[in-house]
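Novice: Each chain, letter by letter, is given below.
Number of protein chains: 2
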Amino acid sequence: MVISKSGETTETKAAFIVVEAWLKKSVGKNYGRQVVAITDPVSGSLRKKVNQAQVKDRRSFRSLPLLKGVGGRFSEFNMGLLHLAIMGVDVQAVLDGAAAMAKRCIPDDLALNPALMYASLHTILYKNKGKPIAVMMPFSETLKSTADWYCQLLAESLGKKYARKIEIKVGGIEEWLNDSSHIVNVGRTPVASRGTNDLHSIQQNNIEGENDKVITFIRVEKFAADIKISGKKADILSGKKFSGLLNLAQEATEWALVRQSRPNCTIILPEVNPFYWGGLLFFFEMATAFEGELLDINAFDQPGVEGYKNYIYYKLCKPGLAKEIADEIRNNPLVKHSRYII
Amino acid sequence: MVISKSGETTETKAAFIVVEAWLKKSVGKNYGRQVVAITDPVSGSLRKKVNQAQVKDRRSFRSLPLLKGVGGRFSEFNMGLLHLAIMGVDVQAVLDGAAAMAKRCIPDDLALNPALMYASLHTILYKNKGKPIAVMMPFSETLKSTADWYCQLLAESLGKKYARKIEIKVGGIEEWLNDSSHIVNVGRTPVASRGTNDLHSIQQNNIEGENDKVITFIRVEKFAADIKISGKKADILSGKKFSGLLNLAQEATEWALVRQSRPNCTIILPEVNPFYWGGLLFFFEMATAFEGELLDINAFDQPGVEGYKNYIYYKLCKPGLAKEIADEIRNNPLVKHSRYII
Chain A
1 MVISKSGETT
11 ETKAAFIVVE
21 AWLKKSVGKN
31 YGRQVVAITD
41 PVSGSLRKKV
51 NQAQVKDRRS
61 FRSLPLLKGV
71 GGRFSEFNMG
81 LLHLAIMGVD
91 VQAVLDGAAA
101 MAKRCIPDDL
111 ALNPALMYAS
121 LHTILYKNKG
131 KPIAVMMPFS
141 ETLKSTADWY
151 CQLLAESLGK
161 KYARKIEIKV
171 GGIEEWLNDS
181 SHIVNVGRTP
191 VASRGTNDLH
201 SIQQNNIEGE
211 NDKVITFIRV
221 EKFAADIKIS
231 GKKADILSGK
241 KFSGLLNLAQ
251 EATEWALVRQ
261 SRPNCTIILP
271 EVNPFYWGGL
281 LFFFEMATAF
291 EGELLDINAF
301 DQPGVEGYKN
311 YIYYKLCKPG
321 LAKEIADEIR
331 NNPLVKHSRY
341 II
Chain B
1 MVISKSGETT
11 ETKAAFIVVE
21 AWLKKSVGKN
31 YGRQVVAITD
41 PVSGSLRKKV
51 NQAQVKDRRS
61 FRSLPLLKGV
71 GGRFSEFNMG
81 LLHLAIMGVD
91 VQAVLDGAAA
101 MAKRCIPDDL
111 ALNPALMYAS
121 LHTILYKNKG
131 KPIAVMMPFS
141 ETLKSTADWY
151 CQLLAESLGK
161 KYARKIEIKV
171 GGIEEWLNDS
181 SHIVNVGRTP
191 VASRGTNDLH
201 SIQQNNIEGE
211 NDKVITFIRV
221 EKFAADIKIS
231 GKKADILSGK
241 KFSGLLNLAQ
251 EATEWALVRQ
261 SRPNCTIILP
271 EVNPFYWGGL
281 LFFFEMATAF
291 EGELLDINAF
301 DQPGVEGYKN
311 YIYYKLCKPG
321 LAKEIADEIR
331 NNPLVKHSRY
341 II
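Sequence order for the protein chains is A and B.
Residue numbering for the first sequence follows my numbering, beginning at 1 and increasing consecutively.
Residue numbering for the second sequence follows my numbering, beginning at 1 and increasing consecutively.
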């Protein structure tokens, strides 16, 4: 499965060249049937490759379209679905969960709209109470990668240099532009964590360090697998379940934070299943979109990553790089003064 | 292998009860030979278990002592060594690397002491330039866990509520106390990251979001495994190695950060081998110890984790919990007002 909108993402392209050569060697000329390309429906070098392959050989790449204007972090319900299906996850249930959550995120009334409430409180805590750090802490190994995904969602969506400028075009179509005359440099910084693992690492800092964080716990009520602890009855752990200890540790952490006036909130999943997981992801996507509105930035682009990409393209002598970009890099080479060799 | 200083760490104890029952069932009465306990050399419930087992049966638990006063985050060169040996790592080379680095971290002259330089610059950037966030970003999958370890090292060592108070006891012995009349709430917040993975997630925020971070890159010059990219000569990636692309991406990220006046530094490992890895860990340990000195806090304790532990012990009805702690928890129950059910 090869996923790239343009087909030019360096890591994806490099890895695919290598894997494609391996496949050709092992599978032979029909190797294309082993490949699914998820890419722009019309343009880009990967789509071109898909089209060429289909002309040459009917047994070639299968492909799916990447929805236009949907960044990677918002594409769980688009390009992410094939992965889930292959893993045996009930894709319809994921979408049902997302759709059910979507309905709950419509009301204007703050008290009835959980994502708007989450966004509003976090924005107040960020801008008015000095909390620019967001710690995402599920008490569930299963949700470890979900916390990593949230970090990307928050960092790429809200970490922005310019305020947004909306221009109304002919026919009433909105065009979102970055207002280069209005530098804001906003965005909360996410930190992925997990319980109870990180109670033994970063919790000391969360409780006693700078009071500049808001912690979001994710608590699971019912676990798919559980273990009951045997042992002598006199022991305090005897007869307890791992799930119970995990949730007790979550509650204890919540209590310890409140005791030190450290803001936190807890999201409860009845269980980790496709329906609730779809709802959880959609909740965070809506909350992040609302945060973007409150900060008056465009939550759906990522212009800041162009800098390093241009430098890579320049060094690789990629054709077609704009002259002013090439000039800037040539005139401002990297000065390696902050480097230290171990 | 069961590691706990006191033997009372909830997760370790719970897991060991379960594993011990499994072992007994599978291996029989000599199961003790399968267990290595690393614990306090004299006291604690795990040491007691080791001693009892040895009296009952000569084929019982093997054990190693945990050095007194060395917290988990500083114990790679103590309790961590057995893991390394089992994994086939050359332990002597790790210690040699650490010892070589130790010598380089002795000079008073800032320019000759890399750990002191690292600590000084980061403390200035933190306290005088508003950079309370530390992003640790190796460009190497092998060093992913090392970045996680650094997060624990920084967060537990420097995230402190009270300033340090040193009292000189009889015989000139220093006793380090926490000065409860002097609340500081200091400590940089660590964020683990890795290249190039996180160029596609948090980099947008590092480059355009709040300018409140210092990024430390770890760059590896020579990789143990590498792949050369085949493909048509016209393609810019053709003939390039993965290692070269990875290091180009690191350099590009460095360049992009400097361009936006975002402070960063780069540590270069000639290669990831036991010697340099030992040196790297010791470097960070010394730098963190120096940071503790500069912030005037005790970098070697972790009093902040007692809160949640006490709550857990209270709920589990552990005998011997101090009355004032039990009273506080009873009188200040957790109010679950910041919870939301998906």
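There's no promise every hint is true.
One copy or any two copies: either way a pair holds, since identical chains are not told apart in the list.
Calculated cross-link-like contacts (lysine-lysine; reagent style DSS-like; alpha-carbon spacing at most 30 Å) [claimed, not checked]:
1) K25 - K323
2) K24 - K169
3) K144 - K13
4) K48 - K309
5) K131 - K144
6) K233 - K131
7) K165 - K222
8) K25 - K165
9) K131 - K241
10) K241 - K169
11) K318 - K222
12) K309 - K144
13) K232 - K25
14) K68 - K48
15) K323 - K127
16) K240 - K315
17) K169 - K68
18) K24 - K13
19) K29 - K48
20) K240 - K323
21) K309 - K68
22) K131 - K25
23) K165 - K144
Hints are computed from structural coordinates only; laboratory data are not their basis.
Novice: Could you work out which earlier hints the structure fails to respect and list their numbers in ascending sequence?
Specialist: Hints 1, 2, 6, 7, 8, 9, 10, 15, 22, 23 not satisfied by this model.
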